[in-house]
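K.L.:
Protein chains in written order, with our numbering: chain R, 16 to 465; chain X, 16 to 465; chain Z, 16 to 465; chain C, 16 to 465.
A hint or two may mislead.
[What the hints assert, rightly or not] 25 Å max Cα-Cα, derived DSS-like pairs, lysine-lysine:
(1) R/Lys282 with X/Lys282
(2) Z/Lys375 with Z/Lys176
(3) C/Lys77 with R/Lys375
(4) Z/Lys375 with Z/Lys19
(5) C/Lys181 with C/Lys344
(6) Z/Lys230 with X/Lys344
(7) Z/Lys60 with X/Lys375
(8) X/Lys344 with Z/Lys176
(9) Z/Lys344 with X/Lys194
(10) Z/Lys257 with C/Lys375
(11) C/Lys120 with R/Lys344
(12) R/Lys257 with X/Lys437
(13) R/Lys310 with R/Lys282
(14) Z/Lys282 with C/Lys19
(15) Z/Lys437 with C/Lys257
(16) X/Lys75 with X/Lys310
(17) X/Lys230 with Z/Lys375
(18) C/Lys282 with Z/Lys120
(19) C/Lys194 with R/Lys375
(20) X/Lys194 with X/Lys323
(21) Z/Lys282 with X/Lys230
(22) C/Lys19 with C/Lys375
(23) R/Lys194 with C/Lys194
(24) C/Lys77 with C/Lys282
(25) Z/Lys230 with Z/Lys176
(26) R/Lys344 with C/Lys194
(27) Z/Lys230 with X/Lys176
(28) R/Lys375 with R/Lys181
(29) X/Lys323 with X/Lys299
(30) X/Lys194 with Z/Lys176
(31) X/Lys194 with X/Lys282
(32) X/Lys230 with Z/Lys437
(33) C/Lys120 with Z/Lys282
[Stated by the list, open to error] Where chain R lies over chain C, by a calculated footprint (3+ residues, C-beta under 8 Å):
(34) 227-238
(35) 349-357
(36) 382-396
(37) 426-438
Hints are computed from structural coordinates only; laboratory data are not their basis.
Glycine included, each C-beta is placed from N, C-alpha and C at the ideal position.
4 protein chains.
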Amino acid sequence: MNQKLKVVVIGGGSSYTPELIEGLINRYHELPVTELWLVDIEAGKDKVNIISGLAQRMIKNKGLNIDVHVTLDRRLALEHADFVCSQFRAGCLEGRIRDERIALKYGMIGQETNGLGGFANACRTIPMTLDICQDMEELCPDAWLLNFTNPSGMVTEAVLKYTQIKAIGLCNVPVIMEKGIAQIIGADAGEFIMQVAGLNHMIWARKILHEGTDKLNLVMNEILNGHDPLVPANIPPFDWPKDLLREMGMIPCAYLRYYYTSDDIMKQEQAEADGEGTRGEVVKAMEQRLFDIYKNPDLAEKPKELEKRGGQYYSEAACELMASIYNDKRTVMHVNTRNHGAISGLPDDCVVEVSSLITKSGPLPLNVEPFPDDTLRLIQLMKEYETLTVEAAVEGDLVAAKRGLILNPIVMTGTVLDDALKETVRENLDYMPQFRWMFAQNSGVGRSYK
Amino acid sequence: MNQKLKVVVIGGGSSYTPELIEGLINRYHELPVTELWLVDIEAGKDKVNIISGLAQRMIKNKGLNIDVHVTLDRRLALEHADFVCSQFRAGCLEGRIRDERIALKYGMIGQETNGLGGFANACRTIPMTLDICQDMEELCPDAWLLNFTNPSGMVTEAVLKYTQIKAIGLCNVPVIMEKGIAQIIGADAGEFIMQVAGLNHMIWARKILHEGTDKLNLVMNEILNGHDPLVPANIPPFDWPKDLLREMGMIPCAYLRYYYTSDDIMKQEQAEADGEGTRGEVVKAMEQRLFDIYKNPDLAEKPKELEKRGGQYYSEAACELMASIYNDKRTVMHVNTRNHGAISGLPDDCVVEVSSLITKSGPLPLNVEPFPDDTLRLIQLMKEYETLTVEAAVEGDLVAAKRGLILNPIVMTGTVLDDALKETVRENLDYMPQFRWMFAQNSGVGRSYK
Amino acid sequence: MNQKLKVVVIGGGSSYTPELIEGLINRYHELPVTELWLVDIEAGKDKVNIISGLAQRMIKNKGLNIDVHVTLDRRLALEHADFVCSQFRAGCLEGRIRDERIALKYGMIGQETNGLGGFANACRTIPMTLDICQDMEELCPDAWLLNFTNPSGMVTEAVLKYTQIKAIGLCNVPVIMEKGIAQIIGADAGEFIMQVAGLNHMIWARKILHEGTDKLNLVMNEILNGHDPLVPANIPPFDWPKDLLREMGMIPCAYLRYYYTSDDIMKQEQAEADGEGTRGEVVKAMEQRLFDIYKNPDLAEKPKELEKRGGQYYSEAACELMASIYNDKRTVMHVNTRNHGAISGLPDDCVVEVSSLITKSGPLPLNVEPFPDDTLRLIQLMKEYETLTVEAAVEGDLVAAKRGLILNPIVMTGTVLDDALKETVRENLDYMPQFRWMFAQNSGVGRSYK
Amino acid sequence: MNQKLKVVVIGGGSSYTPELIEGLINRYHELPVTELWLVDIEAGKDKVNIISGLAQRMIKNKGLNIDVHVTLDRRLALEHADFVCSQFRAGCLEGRIRDERIALKYGMIGQETNGLGGFANACRTIPMTLDICQDMEELCPDAWLLNFTNPSGMVTEAVLKYTQIKAIGLCNVPVIMEKGIAQIIGADAGEFIMQVAGLNHMIWARKILHEGTDKLNLVMNEILNGHDPLVPANIPPFDWPKDLLREMGMIPCAYLRYYYTSDDIMKQEQAEADGEGTRGEVVKAMEQRLFDIYKNPDLAEKPKELEKRGGQYYSEAACELMASIYNDKRTVMHVNTRNHGAISGLPDDCVVEVSSLITKSGPLPLNVEPFPDDTLRLIQLMKEYETLTVEAAVEGDLVAAKRGLILNPIVMTGTVLDDALKETVRENLDYMPQFRWMFAQNSGVGRSYK
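Could you put the whole structure together from the sequences, leaning on the hints where they help?
P.N.:
As structure tokens, this is what we get:
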């Protein structure tokens, strides 16, 4: 990396981008970006132009010297890039909403990153991401790919297994946990080390080291007492089974409620879907309001309203990660990276989400002390689901897909799965070319199921 | 073992006992039983007397010299026993029916050996079995305990972990698979080796060795073509997802439908419960008819009607196992025994169901080739559920119970689990003294959750 | 297998062959061999003709109908074979003697199957065996290869890793242990089960099941009291460190003295080499005497003198193995076969020596209970040495060879190893074409060390 | 930790102590030690007084405010200590020399931390260290024990297994490697991360991250070209087998020559012993010269001569470790700590030497990527030797000792081991009370070998 410092954002028209811009502005002193490229597709042209305008106003407002480019030509943007942030949404919010509704229709939890919806999202997103990486291998082989496109863990696993690109997956869940913990223990970010481990959207805080002691029990007691600032805004509040929590010896992330309180979530989701709409539908309305705000030519900073959107801190994490790599800062961050033994009992080549020392050469995961047996079994199960889903997404292998989904605790099996899966693929066929063979004339016969 | 050969049956009043008698009679030439003790409890007095009468008529009819004793005094029976068959039902059929109804009420599969019902059954049965073993340690420490009381795997694990007794768990599922396979490949029992592995009610046939080749694919094709004689009579017919089956490379036992077709089973069970009754209710009616038949003083053989009962071959397996041990026959049988590395990826001290060479010193498991990853994850998950359930049953630890149940794929989690669990324990309190603390005055406070 | 039953012996001119002939004669009732083909190379022509003459006289003497063929054309012999016994010695006894002398010269134990000599033997033997298997794949793909060419474990591993041939490795060490144990416990062969496990020439008896109890301690005490009939005749008597043995809880095979009493063996070997000669030299003299005896046209049975030769029971094991496979006898034998989890802690695809149920489909290993940690570490180390040696032998990779030898406890490292290795390869170049590159002109430069 | 900051040095009379004093002086700005206690035993009284005098002059010379105390009363010193540095030598240099001479007499490598000498050292040192820890548990339970008494890995393992004390083991080997690497790549200490892993005196550099790339190959090439500044001064220069090194993909520490070039080391050692004396004898002479220098009342700084002593950087590492803990500095240091999965394939509770992030709560090991199989086997073997040696040292179990030593590649087995072991114990009986039973009258009979 030299005087030029080129950052490319795939899915630049995302409503989150202003947070990313703010993050880059705030870190300009240590991360002197010279070019910022916002890439989007034809369907996102209007949005990315609105974002670009806002970005330019924000940068100008601070008197910084960052060139902002907008393009639909991904390859043009990628050339000689230093960092590529992937935050696109394959199939747009409509795809997410469709996933949610199909899952609910079949009596299953409808969710963007897990279960049937997570599977659909992976199958739409992974092939596109691999295409991007193929371009990167040619145009910027040394660039870092920072992926925060969901399902972030599976997407990162696909990139690390099938391409040569240096990729790191990011998520805001650990960031939010860390901020909540900071609040509970009354410490600033840099003053303590929270060590998390698990899979994307399936992590536990294992240690909270502050002032020479582990404050995990202190934090646990606060949560048991009903004070839980560790939950993202886009996740409705809920009660942990307190007896479980007390014996766990670890702080579970909010997404673990899908495993520990599945039925309550299901009911809550169904009520929402019948009321204000699914999460995707709520987000869609919110996004429209946000873009109306972004359009305002007088706006030259990230609007407060974005913070209600729910996905905050993604971009902060991304900017901090870029700054840490660029400056070899050796901060401890929580990233999706190759396991390589960090979590005992999982394959070496799979991707896990673990606290890592961030160096100019990428993340060095901290060792994870062995998980309790029951937690390990759950993690192993979900990783196997993820690995089979990645395989299914890349190879269009429907049997791998089913073998994976059958393991997933929030997926029902049997006829209902067959039907839901068929509908999912059929409705997403434009985004899942790998499964087109299923609806070819000789499907049941020819290459059916590999 | 010398001239005396004493067999004790705990739960002698079971409707299955005539099959056991028949099995002993058929093997009298190699297993010359001198004393047969039928033990039951006060509540089963009438039944065991009916059984005893029939047994004596059957034995006399064949002109054999086996003394039949009936007693409610277990310790009297156990003294100097050689083999102890455990086939009692803790809480009787009423307990089973209650389990089924509670599970269904909360929207879960109601089943004798798995899920919430399996948990309840384990918590009723394990303490009683450990009591029996305590007596055995004193009165017949060298006797073999053949357990076919359900849940057979967990009960055997409890015995092997908490007592000194030599115990072997039995199940009719592999016997039925073997008979179905014999029919498909057109071979007699001794002419082929079916190797199974997994956990009780969760096994797969891994090899079918006949005439120097492995006929697994041949059997698989028959099943795919709709010819499936491997399913027990007490399990309604059902369709495997054919694509899964084809790729599995192993023949799953019928109980695996709970994992692969959970929703279909749930619907079927609900329909049955609303119609002819739950399985327990159907069995109860059947049993009453059977005992009416058994009473007939002219009956001196096992009546045909018993075969419709569903649990056949349990007793055949038990008799063959006794004969194999007694004569060091080195037959290959399928038993629940300590893992000790037989299935890689499971703890050494847990109990697995594996094909084993039966010697006078007990079973020597055949090595099990590594399972496919996804299957292994499911087995590991269920074994962890079982191990936590055994721990909960022995120690009255409700958090262990919940941690186990949460892992179980056919159990729902959250409030519904809390409620169902509470009701299960409350309704079974007479049979679950280990959980009585929960309803003591200071429950929530004192030793609650350990 | 039909009316024709064709057995091929590679290395038919071996002095052991009369034992094999006797074994076939004794089992003719259950293993009705129709054709016996003795294959050898030009250099062994005289010997194989002597053996063939003796074989024909032995068979005629018993009035049996087995056609004996002698040929130097291996492919002619292999066509449509049912069983192929491999018992050749690559490089003849001269090779063995050379190995022993080189090792001793450099201060290391000189031994046919372990250390530097084992490495040399593997590098001579494995390429030839793979050639034979290539012929078998073409000419008799369904035949069983029974390998008792040393180093039997590594040779079998090479065949199972690099060819499609069904191979089983045999050794007389477990047979001799079993016979010694039979003598101690006063039981006939079929009356007890000795279970061994480990690697070829590195096994431990883990269980000795007789009359319903494990007589391992009884046997151990006899050995501790100086009564050790488990040691092969070709291994000089020696003392086990009694304290070690007592705590081991397993009966080590005689070859384990190389690890537990390395220095004593070294001294003994050096004394022998300075006196009557190395083992290879002693054997060479013995063989010459044997062939003089075999030549006698009046001899029509296996001469007593052969029993002093030391390698007895190899052929008995081979014949029993053929009979067990042919008749699906389900005897328990001790064979080298693919691990597949039989010994926990070793790779699935490596070869181990374990007690197995012999079926018409080959061996089904009995599960091996976990080894004590220290023993396991030794086994893992030696298996890694073996696996690297196989790799070196197949690929001519000298660095793999060194990495393997460095692990071997009876090999010295540093300059002395470099020198000894170089001499070994140079002196064996005719038999180790895979290492010829080392002495090519551009060795140090071109493909040196891959 | 508050205004008082008390550092205790067990073995304060060591010739190394001036380096420690210098280290404390250099870090006084961040590690404001208020009290320094030098503890020694009666036999070391003169030495510790000399050291104390020098320490006071050095501190005064810099105008710092550190109280230096000298005492033979360990408990007095330990009270309310914050850091305890353990650097004593059990049995003094005489013990080390005796170990070396006994090993050489029996034809084995004589070495302070490995083989027979390492065993003797462990058996002398571990009981004393556990005594110290018992005092610490009472007098300063929250203090950190920084152990650099050899064998550092085994001593630390004993403390972590048998006491409640927070202990970290230190060694100068990784420090020297790091300094050598810094020289090769031309970088300052803080500018790159060297990640090492293995066991004490058995580590490999796995990564050398500098400027965003891994410079391991660059460093490897320098070493292959004969430029090796990674070797401690107390280890004579030697040649790695270059072909091995090239394929290793890791930089071995200097002590690994005991495994890769055992015979060369043996010869070198024997030549030295016959010439200038064993390493211990050389060190003894050197120490006498050093103390003559230390006595000089005009000396008020660490004399240059100490650097030739060989063990330099131990104290620097200790001081940096104290400063890092005290200030939560999150530096990456290379320490002996509980494995807990850091190195896959080793027990969780064993001690490994791994690069770790140093926090106020102690070390957080970086995850170690899986080792190549052959290296892992060697590490597993040596860890098993260490674990058995710790067990032997604590429990006086001679069979455990032998089982461990038999695994050690630099130890010969059989009669020679029995004799050497007996002599070792007999000659050290004053320091090895745990083995006194061996020489009690009823030894061979009563509790012999447990």
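K.L.:
Tell me the hint numbers this structure goes against, listed in increasing order.
P.N.:
3, 7, 8, 10, 11, 13, 14, 21, 23, 24, 25, 30, 31, 32, 37
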